[in-house]
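The sequence shown maps to residues 1 to 368 in our numbering.
Keep in mind the hints are simulated off the structure, nothing from the lab. Be careful, since some hints might not be right.
[What the hints assert, rightly or not] Pair ranges (Cβ atoms, derived): (1) ALA313 x GLU172: 23 to 33 Å; (2) ASP218 x ARG316: 36 to 46 Å; (3) PRO71 x MET169: 30 to 40 Å; (4) THR104 x PHE220: 23 to 33 Å; (5) ALA313 x ARG168: 17 to 27 Å; (6) ILE102 x GLN284: 43 to 53 Å; (7) SER318 x ASN152: 38 to 48 Å; (8) ALA313 x ALA77: 25 to 35 Å; (9) ALA200 x ARG316: 27 to 37 Å; (10) ASN146 x GLU68: 26 to 36 Å; (11) ARG130 x ARG316: 18 to 28 Å; (12) GLU142 x THR104: 29 to 39 Å; (13) THR104 x MET76: 19 to 29 Å; (14) GLU68 x ARG306: 34 to 44 Å.
Treat the numbers as computed from the prediction; the structure is a model and nothing was measured. Cβ coordinates follow ideal geometry from the N, Cα and C atoms, glycine included.
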Amino acid sequence: RRSHAVALDSPNAGFAAGLMVPPPTPPPMPTTPRSTLGSPLCTHATRRSGSGDLAAGPRRRNSLSEVEVLPWLCCMAPALSLFGIYISIIVTSLFFPRIFYILTACLTFIVLLWIANLAFSSMLGAYRLREGTRIDWHALLEQLQNDDPTANDVLHIVLLPNFKENERMLKETLENLGCSPMARGRTRVVLAMEAREGQAAREKAERLISQTSHLFADIFATFHPENVPGEVAGKSSNTQWAYREALRQYGPILLGCDLSRVFLTVGDADTHWHPQYLSAMTYQGLTMSGEDRAWRIWQPPVLLMRNIFTVPAMTRASAHATLIFELSSLANQKVFPAFAYSAYSLTLALASHPEVDGWDVDVIAEDH
Numbered sequence: 001r002r003s004h005a006v007a008l009d010s011p012n013a014g015f016a017a018g019l020m021v022p023p024p025t026p027p028p029m030p031t032t033p034r035s036t037l038g039s040p041l042c043t044h045a046t047r048r049s050g051s052g053d054l055a056a057g058p059r060r061r062n063s064l065s066e067v068e069v070l071p072w073l074c075c076m077a078p079a080l081s082l083f084g085i086y087i088s089i090i091v092t093s094l095f096f097p098r099i100f101y102i103l104t105a106c107l108t109f110i111v112l113l114w115i116a117n118l119a120f121s122s123m124l125g126a127y128r129l130r131e132g133t134r135i136d137w138h139a140l141l142e143q144l145q146n147d148d149p150t151a152n153d154v155l156h157i158v159l160l161p162n163f164k165e166n167e168r169m170l171k172e173t174l175e176n177l178g179c180s181p182m183a184r185g186r187t188r189v190v191l192a193m194e195a196r197e198g199q200a201a202r203e204k205a206e207r208l209i210s211q212t213s214h215l216f217a218d219i220f221a222t223f224h225p226e227n228v229p230g231e232v233a234g235k236s237s238n239t240q241w242a243y244r245e246a247l248r249q250y251g252p253i254l255l256g257c258d259l260s261r262v263f264l265t266v267g268d269a270d271t272h273w274h275p276q277y278l279s280a281m282t283y284q285g286l287t288m289s290g291e292d293r294a295w296r297i298w299q300p301p302v303l304l305m306r307n308i309f310t311v312p313a314m315t316r317a318s319a320h321a322t323l324i325f326e327l328s329s330l331a332n333q334k335v336f337p338a339f340a341y342s343a344y345s346l347t348l349a350l351a352s353h354p355e356v357d358g359w360d361v362d363v364i365a366e367d368h
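Using the sequences plus the hints, can you model the full thing?
Here it is, written out as structure tokens:
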């Protein structure tokens, strides 16, 4: 097919048999719910050219919402693994005692290793957390910027997807984010609202912007429409919509920037970042090479303690368990690699990569 297409594109193709055949009309540019068409930054999801794999043109994106065997297996893999182990234990205990003993011994040993790693790595994570909070990261960043003027060319965009969240809580989140030394000069905030929340969402966004706009370089609201074909309502599709709108809003600025120096931060409506989180991430990013920085994801430890004393005891216990798990996974990623969870940051160079193009829209959660 490719050889035929090349022949038809030849200027003499229509005269090969003495016929006047107009050149074929090129096929329309394919679009996907993830595409950022219309933004000043050309989307990589629909425009692919170059050598190697890129020469094949737009690639087909697999979607978990498709009714096919492979997406179904991907969705069912956790359940198949979990219940497969349960069924294996029950069946072997009834009919194959020796295999049952071997299987339970292996599982016990694996659990022992996991718990041991969890215990030691969480203590290491707690130590590193305390050590990290003692450092004045903004002072280090200012020193770096004084020594290297190009280190001043940084930009932060914070995406806050939310749906029917308490207005007071959102205001506290924005005020906490405004405590960052980088908020007023380098941080732009996107309030990612849901249009299905109705007029109340627009009024709430207007009040929040008027009350906190003095804290940031810029803040504006987006309203993710409902019932978009190919989308599943949730944080992920809302984040993708806010990401596309941010590209449109700040396109003239972004076109002149090194995309590895533009940091995207995603959080929940109740996320309280450490006041020096943005400074620490910026300093660490600028001390890396451009290539390393472009592929990096920053994950702060998530401490579920904002309302720890107002929730039921079982929820409080699960919050402590999550804290231990997060600290251990971040402290020792060589054993169990950590996943992005709840609140994290990455560069625009990574988010706009041809194989990434923002966030998936056919799943609910945008992390992990």
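- Query: In this structure, is the beta-carbon distance linking ILE102 and GLN284 contained in 43 to 53 Å?
  - Reply: For GLN284 against ILE102, whose Cβ atoms are near 46 Å apart, the range 43 to 53 Å holds.
- Item | Pairwise beta carbon distance, THR104 to MET76, judged against the given window 19 to 29 Å | holds, 25 Å
- Query: Are GLU142 and THR104 spaced within 29 to 39 Å by their CB atoms?
  - Reply: Once the Cβ atoms are compared, 58 Å apart, the range 29 to 39 Å for THR104 and GLU142 is violated.
- Query: When you take the CB atoms of ALA313 and GLU172, is the distance between them in 23 to 33 Å?
  - Reply: Holds - the Cβ-Cβ distance for ALA313 and GLU172, about 25 Å, lies within 23 to 33 Å.
- Query: Falls inside 30 to 40 Å, the C-beta gap from PRO71 to MET169?
  - Reply: holds, 36 Å
- Query: Does the hinted range 34 to 44 Å hold for GLU68 and ARG306 at CB?
  - Reply: 41 Å Cβ-Cβ, so the 34 to 44 Å window holds.
- Query: Okay, SER318 versus ASN152 on CB: inside 38 to 48 Å?
  - Reply: Distance hint for SER318, ASN152 holds at roughly 43 Å.
- Does the Cβ pair THR104, PHE220 satisfy 23 to 33 Å? At 57 Å between Cβs, range violated.
- Query: Is it true that the C-beta distance of ALA313 to ALA77 lies inside 25 to 35 Å, as the hint says?
  - Reply: With a Cβ separation near 33 Å, ALA313 and ALA77 satisfy 25 to 35 Å, so the hint holds.
- Regarding ARG130 and ARG316, is the given constraint of 18 to 28 Å on their beta-carbon distance met? About 22 Å separates the Cβ atoms of ARG130 and ARG316, which means 18 to 28 Å holds.
- Task: Evaluate the given range 26 to 36 Å for the C-beta pair formed by ASN146 and GLU68.
- Result: About 56 Å separates the Cβ atoms of ASN146 and GLU68, which means 26 to 36 Å is violated.
- Do the Cβ positions of ALA313 and ARG168 conform to the proposed distance bound of 17 to 27 Å? Holds, since ALA313 and ARG168 (Cβ atoms, about 25 Å apart) stay within the stated range.
The structure fails to meet hints 4, 10 and 12 from the earlier list, while all remaining hints are met.
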